[in-house]
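Chains as they are written, first to last, in the numbering used here: chain A, 1174 to 1288; chain B, 9 to 125.
Think of the hints as simulated: they come from the structure by calculation, not from any bench.
Where hints are given, some of them may not hold.
[What the hints assert, rightly or not] Lysine-lysine pairs mimicking DSS-like chemistry, simulated, CA-CA at most 30 Å apart:
hint : chain 1 : residue 1 : chain 2 : residue 2
1    : A       : K1243     : A       : K1189
2    : B       : K65       : A       : K1176
3    : B       : K19       : A       : K1246
This one's a predicted model, so the numbers in the text were calculated from it and none came from an experiment.
Listed below are the residues making up each chain.
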Amino acid sequence: AQKITQTQPGMFVQEKEAVTLDCTYDTSDPSYGLFWYKQPSSGEMIFLIYQGSYDQQNATEGRYSLNFQKARKSANLVISASQLGDSAMYFCAMREGRRANNLFFGTGTRLTVIP
Amino acid sequence: DTGVSQNPRHKITKRGQNVTFRCDPISEHNRLYWYRQTLGQGPEFLTYFQNEAQLEKSRLLSDRFSAERPKGSFSTLEIQRTEQGDSAMYLCASSSGLAGGPRETQYFGPGTRLLVL
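Given the sequences, and given the hints that come with them, work out the whole structure.
Right under this line is the structure:
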């Protein structure tokens, strides 16, 4: 089974609008971390936001917030007030337990912001 | 710039040739990771170093691949006898080793894009 599933290959959003990118995960480990990365066409993976499995509140970082629904095993990324520079690939990733290695990535969602 | 750096950024080679990539992690990060990303996919883990010790290797890392981190600072990834299937983006990441556990954030470099003809 896939550990990270991103079901939206592509998404479009109007500039200044909010958009939600979906991510579901699969693990039996009670301790895990969920990450979102942005990958522009240049190729670099840019860390956006982190959510721990024991965190009581949804993570927020500026215009990024994470809608964490533990029972549903979903960790959707919400981008508010979209900007043209937000156009990129977005990857959801997970690390399980206390291992320091092995981020598991989804297949990504390509976001296009329309002016 | 104190981020992760990788060289070269692009490499074109002929099948059967050897190639070597270099990664310089964020200063004082003791953990270093290599990933491979093929077109339309997310990155896949290859190997992990803590200081100079290579602690884990993925099954993706065939015996034609070797990675080193001799002094616990920069790392090299060598591919011998390249095949067309090796064409991919090779990403390096580093983390501080301070947070521990699932909270540990990996910071990525710009990647080396390899094309094997």
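Tested hints:
For a cut-off of 30 Å, the pair hint linking K1243(A) to K1189(A) stands: about 29 Å separates their Cα positions. With a C-alpha separation of about 19 Å, the suggested pair K65(B) and K1176(A) falls inside the 30 Å cut-off, and the hint holds. A distance of roughly 40 Å separates the Cα atoms of K19(B) and K1246(A); the hinted pair therefore is violated under the 30 Å criterion.
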